[in-house]
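*Asks:* So you can see what is in the structure, the chains are spelled out below.
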Amino acid sequence: MTQNQNSIAQHTLAVLVDNEPGVLARVIGLFSGRGYNIDSLTVSETMHEKHLSRITIATTGSPMVIEQIRNQLERLVPVHGVTDLTVEGNPIARELALVKVVGKGDKRVESLRLAEAFRAQVVDASTEHFIFEITGRVSKIEQFITLMEPLGLAEVARTGIAAIERGPEAM
Amino acid sequence: MARMMTGAEIVLEALAEQGVEDIFGYPGGAVLPIYDEIFKQNRVRHVLVRHEQGAAHAAEGYARSTGKVGVLLVTSGPGATNAVTGLTDALMDSIPLVCITGQVATQLIGSDAFQECDTVGITRPCTKHNYLVRDVNDLARILHEAFYVARSGRPGPVVIDIPKDVQFAKGSYLGANRIVHKTYRPQIKGNATAIRDAVDMIAGAKRPVFYTGGGVINSGPAASKLLREFVELTGYPITSTLMGLGAFPADDQKWLGMLGMHGTYEANLAMNQCDLMVNIGARFDDRITGRLDAFSPDSRKIHIDIDPSSINKTVKVDLPIIGDCAHVLEEMIRVWRARAPQADSAALKKWWAQIDTWRGRKSLQYKNRDDVIMPQYAIQRLYELTRDKDVYITTEVGQHQMWAAQYFGFKDPNRWMTSGGLGTMGYGIPAAIGVQAAHPQSLVIDIAGEASALMTIQELSTAVQHRLPVKIFILNNEYMGMVRQWQELLHDGRYSHSYSHSLPDFVKLAEAYHCVGLRAEKPAELDGMIREMIECPHPVVFDCRVHKLANCFPMIPSGAAHSEMLLAEDFEDDDIDYTVSDEGKAMV
Ligand SMILES: Cc1ncc(C[n+]2csc(CCOP(=O)(O)OP(=O)(O)O)c2C)c(N)n1
Ligand SMILES: [Mg+2]
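First to last, the sequence lines map onto chains S and Y.
Counting along the first sequence from 1, when you hit position 155 you're at 155 in my numbering, and nothing is skipped either side.
Counting along the second sequence from 1, when you hit position 72 you're at 72 in my numbering, and nothing is skipped either side.
The reader is advised that the hints may include incorrect statements.
Derived coverage of chain S by chain Y (criterion: at least 3 residues anywhere in the stretch with Cβ under 8 Å from a Cβ of chain Y; other residues may be distant) [unchecked claim]:
id : segment
1  : 89-95
2  : 103-112
Calculated cross-link-like contacts (lysine to any residue; reagent style SDA-like; alpha-carbon spacing at most 25 Å) [claimed, not checked]:
id : chain 1 : residue 1 : chain 2 : residue 2
3  : Y       : K389      : Y       : W255
4  : Y       : K206      : Y       : D388
5  : Y       : K182      : S       : M64
6  : Y       : K182      : S       : A170
7  : Y       : K182      : S       : L98
8  : Y       : K68       : Y       : C117
9  : S       : K104      : S       : R54
10 : Y       : K389      : Y       : E525
11 : Y       : K182      : S       : L147
12 : Y       : K182      : S       : N71
13 : Y       : K585      : S       : R34
14 : Y       : K182      : S       : L30
15 : Y       : K316      : S       : M64
16 : Y       : K182      : S       : E116
17 : Y       : K182      : S       : G22
18 : Y       : K189      : S       : E74
19 : Y       : K206      : Y       : P440
20 : Y       : K301      : S       : E116
21 : Y       : K225      : Y       : P186
22 : Y       : K316      : S       : A170
23 : S       : K100      : S       : E116
24 : Y       : K40       : Y       : G67
25 : Y       : K411      : Y       : R228
26 : Y       : K585      : Y       : G559
27 : Y       : K301      : S       : F118
28 : Y       : K316      : S       : L24
29 : Y       : K182      : S       : Q10
30 : Y       : K316      : Y       : M201
31 : Y       : K182      : S       : L76
32 : S       : K104      : S       : D84
33 : Y       : K301      : S       : K100
34 : S       : K50       : Y       : Y184
35 : Y       : K316      : S       : Q10
By construction, these hints were calculated from the structure, which means they are not laboratory data.
Yeah, the Cβ is synthetic: ideal placement off N, Cα and C, and Gly gets one too.
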């Protein structure tokens with residue numbers, strides 16, 4: 001086995017499924033039952049007329065494990081297709097976070113300044129708090145949250161990753 | 001025009017349209033409308049079992065011996081949960097089943113109603129797929145789809161959970177031919193380039209071995225025929241897993257015997273030393289590979305499997321071919337014939353000579369005795385005395401199962417029903433009942449252990465009621481022998497709870513169930529008793545008293561490599577002195 005065979009890496013998988021009851025449980029049950037990691041998971045119906053949902057899963061594993069996950073997912077009856085976006089190239093991957101920061105004085109000013117630098121929007125505010133909406137790569141969001149911590153970070157809600165392949169081809 | 005029917009009528013109509021002749025089941029409140037329909041018709045025969053686990057195993061036996069989908073019908077709650085072991089068994093061994101479960105009425109779901117359980121939740125991980133039917137107009141489609149999913153690709157169990165109100169409601173019936181599955185279309189034909197590459201690799205091999213499995217059986221009788229043809233063409237040695245026995249005749253010179261934990265010396269050593277392994281319909285199970293990092297270190301590997309998720313799961317292969325065994329074998333034979341390759345006959349001669357030295361170890365030899373029946377001898381006699389008969393064998397789980405696999409020579413597919421992947425004690429009696437229901441004129445024998453047989457013994461009642469004259473041939477060693485053997489090897493002979501205490505008198509037990517009871521205690525009476533069993537037109541329980549401490553060899557202890565196999569000659573029954581690594585002890 002080459003070095004590459006054993007290297008653990010994060011992959012983002014896009015899974016197109018019938019939007020029927022229990023389908024998410026099937027996917028999640030597969031991951032927990034077989035001991036695979038879920039780093040992030042998002043799901044939403046993306047094609048309403050066809051009742052198709054897209055599940056985006058970020059997972060970590062060796063190439064052999066990633067191949068297993070893919071094959072196991074494809075074996076589920078309501079799964080239409082699985083694309084390993086990481087293997088296909090460098091996908092566009094974005095996440096959205098809502099970040100509540102509570103505080104007064106300098107800290108409050110500083111948080112607003114940083115939010116501008118990160119192009120986060122203020123979506124709710126009082127004299128004591130802000131709620132920022134931020135979108136971007138996971139690393140950007142992580143960084144923003146870390147910076148907010150000493151400035152009165154109170155609560156965070158994150159969507160998980162939505163990802164799509166670059167270029168004109170569709171799944 | 002779609003016909004209007006009640007949900008219960010739709011169930012029976014769809015079963016009949018799918019060609020179902022027998023179903024195994026047990027009634028209850030949540031399936032009463034379906035039972036009412038069963039009462040009113042005679043297209044489908046219902047075999048009443050005595051426990052829902054029995055219904056599932058009977059359906060498995062039925063399926064595996066016929067190649068058709070096995071069907072069971074059980075009620076909600078405890079009916080469904082009792083069937084779970086059988087569903088899991090079928091999933092592990094890729095057996096096509098359709099299991100219809102009753103459910104509480106739709107509006108009661110989620111209210112902890114009487115005999116409610118989350119059947120689709122519970123069975124999700126132990127089925128290939130499952131459905132909860134919420135609208136009677138979906139019912140016919142779902143039923144036909146379930147049969148399609150159960151038998152296509154890698155077969156498996158499918159559950160259809162039908163709430164009671166849906167069974168009463170009227171809806172339209174859709175015929176099977178009107179249904180096309182949206183997503184599930186397994187790949188049947190192998191990739192042509194890969195098949196040509198495989199033929200090249202096979203032709204150029206110096207130390208080849210065919211390693212075949214249950215996939216060949218599942219692919220249908222044509223696959224076994226083609227396998228024989230291809231082995232004949234190449235002249236290469238062949239071994240098989242427990243699940244694959246019968247695909248290749250055991251009396252052929254190229255047959256090495258079963259491989260794996262209790263496989264023959266020659267089969268395991270050939271796997272260990274080969275330069276090319278051709279895996280056809282097997283899945284590199286841990287019972288086969290032993291220690292993974294020492295598994296066949298110098299070979300290139302071809303893997304033919306209908307399930308892509310079996311490829312590179314535990315063992316990395318050089319050439320995968322995804323497809324149905326029969327199709328791929330047919331293509332390989334065609335390409336082989338067209339190319340007429342020149343095999344390396346000098347290398348092959350050497351390889352066969354090496355195999356013959358391994359065979360010379362006679363790894364299945366045991367010391368026979370005339371004061372006590374050796375279990376191996378009992379199987380050998382059973383085999384000899386049924387050789388010319390139309391016979392089907394089921395087993396329970398334990399030493400007797402392994403001895404049956406080692407000493408009973410199978411020559412045809414679908415004749416051997418055993419719980420391989422899950423290793424379910426209690427499988428054999430109901431499975432035999434299912435086989436007998438499908439083959440009323442054949443001789444059906446469950447080779448059993450006394451502990452296993454007691455797990456589903458109540459199914460004797462089913463056998464009697466439905467005049468299914470199964471033979472339960474118990475190798476009674478008064479021990480959970482396989483557990484005792486492991487305790488001997490791994491726990492210094494501390495036989496914690498592995499003695500079969502307070503056993504019933506099996507002859508009287510048979511009689512209590514209105515079966516025939518027979519007992520053999522000495523080798524001299526064995527043949528006569530076996531003949532009596534074979535001739536008997538009723539269900540028989542045969543209490544074959546065997547040597548209590550015999551062990552099953554050869555054995556590759558868990559966590560060991562193929563080359564570290566234990567042979568009977570390395571041990572005497574009473575002075576076993578072998579240490580298993582801590583890592584090995586942790587494995588099952
Ligand atoms: C349902 C179930 N429970 C426990 C086991 C673990 N187990 C494997 S073999 C065995 C002993 C079987 O004893 P017996 O049926 O007498 O067969 P023998 O090994 O003596 O031939 C046990 C307990 C199992 N395989 N299945
Ligand atoms: Mg026993």
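*Asks:* None of the hints should be skipped; say for each whether it holds.
*Replies:* To see whether the hints hold, each was checked on the structure:
1. 89-95: violated (count 0)
2. 103-112: Violated, because only 0 residues of the segment 103-112 of chain S bring their Cβ atoms closer than 8 Å to Cβ atoms of chain Y.
3. Y:K389 <-> Y:W255: With a Cα-Cα distance of about 22 Å, the restraint between K389 of chain Y and W255 of chain Y holds, given a limit of 25 Å.
4. Y:K206 <-> Y:D388: violated, 38 Å
5. Y:K182 <-> S:M64: violated, 29 Å
6. Y:K182 <-> S:A170: holds, 19 Å
7. Y:K182 <-> S:L98: Judged against 25 Å, a Cα distance of about 38 Å means the pair is violated.
8. Y:K68 <-> Y:C117: violated, 29 Å
9. S:K104 <-> S:R54: The given pair, whose Cα atoms are some 42 Å apart, is violated under the 25 Å limit.
10. Y:K389 <-> Y:E525: Cα-Cα ~21 Å, so holds.
11. Y:K182 <-> S:L147: violated, 48 Å
12. Y:K182 <-> S:N71: Holds - the C-alpha atoms of N71 of chain S and K182 of chain Y are around 18 Å apart, at most 25 Å.
13. Y:K585 <-> S:R34: holds, 22 Å
14. Y:K182 <-> S:L30: holds, 21 Å
15. Y:K316 <-> S:M64: Distance ~8 Å between K316 of chain Y and M64 of chain S Cα, so the pair holds.
16. Y:K182 <-> S:E116: violated, 48 Å
17. Y:K182 <-> S:G22: holds, 17 Å
18. Y:K189 <-> S:E74: Holds. K189 of chain Y to E74 of chain S sits at ~18 Å (cutoff 25 Å).
19. Y:K206 <-> Y:P440: violated, 47 Å
20. Y:K301 <-> S:E116: Not satisfied, since the Cα-Cα distance of roughly 58 Å exceeds 25 Å.
21. Y:K225 <-> Y:P186: Since the Cα atoms of K225 of chain Y and P186 of chain Y sit roughly 23 Å apart, the hinted pair holds (cutoff 25 Å).
22. Y:K316 <-> S:A170: At roughly 31 Å apart (the allowed maximum being 25 Å), A170 of chain S and K316 of chain Y break the hint.
23. S:K100 <-> S:E116: The hint holds at about 15 Å.
24. Y:K40 <-> Y:G67: violated, 28 Å
25. Y:K411 <-> Y:R228: holds, 11 Å
26. Y:K585 <-> Y:G559: Given pair K585 of chain Y, G559 of chain Y holds - Cα atoms ~8 Å apart, limit 25 Å.
27. Y:K301 <-> S:F118: violated, 53 Å
28. Y:K316 <-> S:L24: violated, 30 Å
29. Y:K182 <-> S:Q10: Not satisfied, since the Cα-Cα distance of roughly 31 Å exceeds 25 Å.
30. Y:K316 <-> Y:M201: holds, 17 Å
31. Y:K182 <-> S:L76: Since the Cα atoms of K182 of chain Y and L76 of chain S sit roughly 12 Å apart, the hinted pair holds (cutoff 25 Å).
32. S:K104 <-> S:D84: Violated, at roughly 46 Å.
33. Y:K301 <-> S:K100: Violated, at roughly 56 Å.
34. S:K50 <-> Y:Y184: Answer holds: K50 of chain S to Y184 of chain Y is near 16 Å, not above 25 Å.
35. Y:K316 <-> S:Q10: Distance of about 21 Å is within 25 Å: holds.
Of the numbered hints given earlier, the model fails hints 1, 2, 4, 5, 7, 8, 9, 11, 16, 19, 20, 22, 24, 27, 28, 29, 32, 33; all others are met.
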